Amino acid sequence: MLIIGCGHPDCGDDAAGLLVARRLRELGWRAVEASGEATGLMSCWEGETDVVLVDATLSGAPVGTIQVWDAGQAPLVRERFRCSTHGLGVAEAIELSRALGSLPPRLRVYGIEGRRFEAGASPSPEVLQAVEQVVRRIREEIPCMKQD
Amino acid sequence: MSKTVTKTTRTIKVDYLARVEGEGALYVKLRGDRVEDVKLKIFEPPRLFEAFLRGRHFMEAPDITARICGICPIAYQMSAIHAIERALGVSVPPAIRALRRLFYCGEWIESHALHVFLLHAPDFLGYEDALQMARQNRAIVEQGLRLKKIGNHLVSVMGGREIHPVSACVGGFYRAPARQELQALKPDLEWALDAALATMRWTATLEYPDFEQDYEFVSLRHPEEYPLNEGRLVSNRGLDIEVNEFEDHFLEQHVKHSNALQCVLRERGSYMVGPPARVTLNFDLLPEVARQAAAECGFEVPCRNPFRSIQARALEMIFACWEALRLIREYEPPAQPRVEVEPRDGKGCAATEAPRGILYHRYSIAADGRILSARIVPPTSQNQRRMEDDLRALVPLLIAGPEDRLTWRCEQAVRNYDPCISCATHFLRLHLERN
Numbered sequence: 001m002l003i004i005g006c007g008h009p010d011c012g013d014d015a016a017g018l019l020v021a022r023r024l025r026e027l028g029w030r031a032v033e034a035s036g037e038a039t040g041l042m043s044c045w046e047g048e049t050d051v052v053l054v055d056a057t058l059s060g061a062p063v064g065t066i067q068v069w070d071a072g073q074a075p076l077v078r079e080r081f082r083c084s085t086h087g088l089g090v091a092e093a094i095e096l097s098r099a100l101g102s103l104p105p106r107l108r109v110y111g112i113e114g115r116r117f118e119a120g121a122s123p124s125p126e127v128l129q130a131v132e133q134v135v136r137r138i139r140e141e142i143p144c145m146k147q148d
Numbered sequence: 149m150s151k152t153v154t155k156t157t158r159t160i161k162v163d164y165l166a167r168v169e170g171e172g173a174l175y176v177k178l179r180g181d182r183v184e185d186v187k188l189k190i191f192e193p194p195r196l197f198e199a200f201l202r203g204r205h206f207m208e209a210p211d212i213t214a215r216i217c218g219i220c221p222i223a224y225q226m227s228a229i230h231a232i233e234r235a236l237g238v239s240v241p242p243a244i245r246a247l248r249r250l251f252y253c254g255e256w257i258e259s260h261a262l263h264v265f266l267l268h269a270p271d272f273l274g275y276e277d278a279l280q281m282a283r284q285n286r287a288i289v290e291q292g293l294r295l296k297k298i299g300n301h302l303v304s305v306m307g308g309r310e311i312h313p314v315s316a317c318v319g320g321f322y323r324a325p326a327r328q329e330l331q332a333l334k335p336d337l338e339w340a341l342d343a344a345l346a347t348m349r350w351t352a353t354l355e356y357p358d359f360e361q362d363y364e365f366v367s368l369r370h371p372e373e374y375p376l377n378e379g380r381l382v383s384n385r386g387l388d389i390e391v392n393e394f395e396d397h398f399l400e401q402h403v404k405h406s407n408a409l410q411c412v413l414r415e416r417g418s419y420m421v422g423p424p425a426r427v428t429l430n431f432d433l434l435p436e437v438a439r440q441a442a443a444e445c446g447f448e449v450p451c452r453n454p455f456r457s458i459q460a461r462a463l464e465m466i467f468a469c470w471e472a473l474r475l476i477r478e479y480e481p482p483a484q485p486r487v488e489v490e491p492r493d494g495k496g497c498a499a500t501e502a503p504r505g506i507l508y509h510r511y512s513i514a515a516d517g518r519i520l521s522a523r524i525v526p527p528t529s530q531n532q533r534r535m536e537d538d539l540r541a542l543v544p545l546l547i548a549g550p551e552d553r554l555t556w557r558c559e560q561a562v563r564n565y566d567p568c569i570s571c572a573t574h575f576l577r578l579h580l581e582r583n
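Chains as they are written, first to last, in this note's numbering: chain D, 1 to 148; chain H, 149 to 583.
The hints are simulated quantities; they were obtained by calculation from the structure and are not laboratory data.
Because the structure is a prediction, the values reported are computed rather than measured.
Where hints are given, some of them may not hold.
Estimated spans, in silico, between C-beta atoms of each pair [what the hints assert, rightly or not]: (1) D/R136 <-> H/P435: 38 to 44 Å; (2) H/L545 <-> D/R25: 41 to 47 Å; (3) D/P9 <-> H/H405: 26 to 32 Å; (4) D/E46 <-> H/R283: 17 to 23 Å; (5) D/R136 <-> H/E208: 30 to 36 Å; (6) H/A515 <-> D/G120: 21 to 27 Å; (7) D/E132 <-> H/E390: 48 to 54 Å; (8) H/G549 <-> D/R139: 42 to 48 Å; (9) D/G60 <-> H/A548: 38 to 44 Å.
Computed footprint of chain D on chain H, listed as stretches where at least three residues anywhere in the stretch have a Cβ under 8 Å from a Cβ of chain D [unchecked claim]: (10) 196-208; (11) 280-287; (12) 293-302.
Computed from the model, here is a short list of chain D residues facing chain H with C-beta under 8 Å [stated by the list, open to error]: (13) S35; (14) T39; (15) D50; (16) V51.
Each residue gets a CB set at the ideal place from its N, CA and C atoms; glycine is no exception.
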């Protein structure tokens, strides 16, 4: 299994995915950090069979809300991930991979709803709590999948 | 998209500009057949990174600025490093200079491949976006992805990692690659050079609108090499200055409708930076293989048709692959990966050629190494006024045609510049207004 945390380290709640990846890496999981740019993500998951991706969302839900999608089941709603600064982001990476037949057989996406995304801002307390919850959920849901 | 029609006026709004990095909106107001107003609207808070840099040690600047843009982090690192080295009176040996050029080639390959194949190609091939193109023309998307991956790989070998590379620093690199590490990249880069040549030939088969503008092109110009990190600032209208004179000749202006500052030439107005400007002003410095490809494809300079920017990018991909292979062939690892740098107070500026055009940085540094002030002028804020001027000229030519075609062409005219709105304004803020 590969964990991919997306986001920007200096832009407030956009760091949510990166924080999850760092925490899981400390706990011994195979976890990488990515900016969220589509082709970079596609390189990250190339050849992987089981991927969990974590990113910040901006969907209008209360800050800190955790949402989970199974990318194999249906396309992601692009607007939810428009807090990415990239013209082609998470949703586009998934759909491009699906079209090219390179989507990992299992790809789940955790979204953590953010509120502030300014450069230099710290993550919101609600987002930091959600980061810990997502870490816990991934560990609980996939207890036997810990990788070195 | 929405439109408002009264007896005398018509308004076209595109609230989300697809296939540009970041997010912006386009507003065109017509009165009869006359364009009354054009605004490229950007919603993001500007200049936050400049404030973020104040008080930080100068050695942190390359890594902090690299995070401004996920697409062109090397450009930010290079401009920051060169500006700070000038402030501190540091000069580096030729081997480090060559490594920096190689690093930049990787970024040009990945950035140009992304724009040519995934962002710009759908405009010419009639697809809504890269996704539709992937479903119906898989080969072209795969070609683009492979080229981009080769650029990414070069960056990761040089920079330690693909995203937010960390090895470049003031004085050189924290670690210089071994000769074998670079030699291992040659087969991929040889394939990439062939693919870039094929891309140039493919761009010659595309249909371009008949639209030319009398641009003032601005780029770096080096006496001996196609510009990346060094050179004087020149234009086709007589500008020929040292980079430290930038602020005497260029002016950043606030405009009400945009959070990004717009940069203009004092008393002359808009100008163009980026691939069409670079190839126009430096065509003689391209390698023979690129000049020959241009001739075979009927590509001529000056490149006054902005829709042909896709050809200028393809030409620069040829250059970047060729230059990377040359630098790897001639590479001798430096005795030391970096020169020692002592803090001192000083001011320094630099401009380097980001994939989208000139990226200007200026720093003021205290005796203890703290950054007192930072100024960053990204290429998109320099091109923004020019994009609006293109739209002013383009809209009257299309006004008699169907509304959806007019809107699509306007969007394409913005995408010609590969605008990185997140760079120009430093972070994206989501705009969900829908009409």
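Which numbered hints turn out to be false for this structure? 1, 2, 8, 15, 16
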